[in-house]
Every structure is written in structure tokens, then in C-alpha cells.
Amino acid sequence: VQLQASGGGLVQAGGSLKLSCAASGITFSGNAIGWYRQAPGKQRDLVALITSGSTINYADSVKGRFTISRDDAKNTLYLQMNSLKPEDTALYYCKIRTSTGYIYWGQGTQVTVSS
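All residue numbers for the sequence shown refer to the working numbering, where the first residue is 906 and numbers rise by one.
Wrong hints could be hidden among the right ones.
To be verified - Estimated spans, in silico, between C-beta atoms of each pair:
{"no.": "1", "residue 1": "Ser934", "residue 2": "Asn962", "range": "15 to 21 Å"}
{"no.": "2", "residue 1": "Gly914", "residue 2": "Arg1002", "range": "26 to 32 Å"}
{"no.": "3", "residue 1": "Asp976", "residue 2": "Ser1019", "range": "28 to 34 Å"}
{"no.": "4", "residue 1": "Asp977", "residue 2": "Gln948", "range": "28 to 34 Å"}
{"no.": "5", "residue 1": "Gly914", "residue 2": "Gly1006", "range": "29 to 35 Å"}
{"no.": "6", "residue 1": "Ala978", "residue 2": "Pro945", "range": "24 to 30 Å"}
{"no.": "7", "residue 1": "Ile1008", "residue 2": "Asp977", "range": "19 to 25 Å"}
Read the hints as simulated data drawn from the structure, not as lab findings.
We treat Cβ as the ideally placed atom computed from N, Cα and C, and that holds for glycine.
Kindly produce the complete structure, drawing on both the sequences and the hints.
Shown next as C-alpha cells:
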């Protein structure tokens, strides 16, 4: 199983980025998939999640600004990030948790928002 995250970069506050996470060796169906982020010196936190039942959850700090989506045909997870703030600066990871409890992480993609 491999998760390849991409799409990070440097953007000014108020700008947008779209992250992608391409999965191989596993399908999204029946699994929980999501985005997490980790800023320097801080713990890794949930950003957005699609549960195995397709319920979508967002961290309060990104509600109304970020949108998680998936394309099952492409086996790719997305995170559209709008109205970015400096506090969104972090390494962003995608994650799959299978119905049997296995967890797989992508390698992370850096998002830096300048003020």
C-alpha cells in the first residue's frame, strides 16, 4: 500500500491550494480516509475525514474553508483549501484506516502560508 500526497507549496494568506493523495494497493471503499496536519513542535491533528460510512467531518478551525473529496475511479483523495491563513502552515498527511484496523500514512506535503 502506498499513499502519495502532493499539491503543497507556498501561498500568501487568503490564497488557495488543492492537495491530492493518490492511493495504490488499496481502495477507498469501506475505509476511513482523511487529512491530518502537523506543525513544527505540535502534535498531528485531524483536518478532515470521510468515514467508512461516507460521513464527512472537519476540524473546527477549517470548517467553511476546506473541502475534502474523493474520486474512487482515480483512487485519489483531495483537500481543497481556500482562504488560507498563516496558522494553516504545516506538513499535511493523508491517512487510510481500514475496516480491520490497519493504518497507512502518506509521506506528507508541506503547506506554507505567508502573512
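So, going through the hints one by one against the coordinates:
no., hint, in the structure
1, Ser934 / Asn962: 15 to 21 Å, "holds, 18 Å"
2, Gly914 / Arg1002: 26 to 32 Å, "holds, 27 Å"
3, Asp976 / Ser1019: 28 to 34 Å, "holds, 30 Å"
4, Asp977 / Gln948: 28 to 34 Å, "holds, 30 Å"
5, Gly914 / Gly1006: 29 to 35 Å, "holds, 34 Å"
6, Ala978 / Pro945: 24 to 30 Å, "violated, 36 Å"
7, Ile1008 / Asp977: 19 to 25 Å, "holds, 20 Å"
The structure does not agree with numbered hint 6 stated previously, though it agrees with all others.
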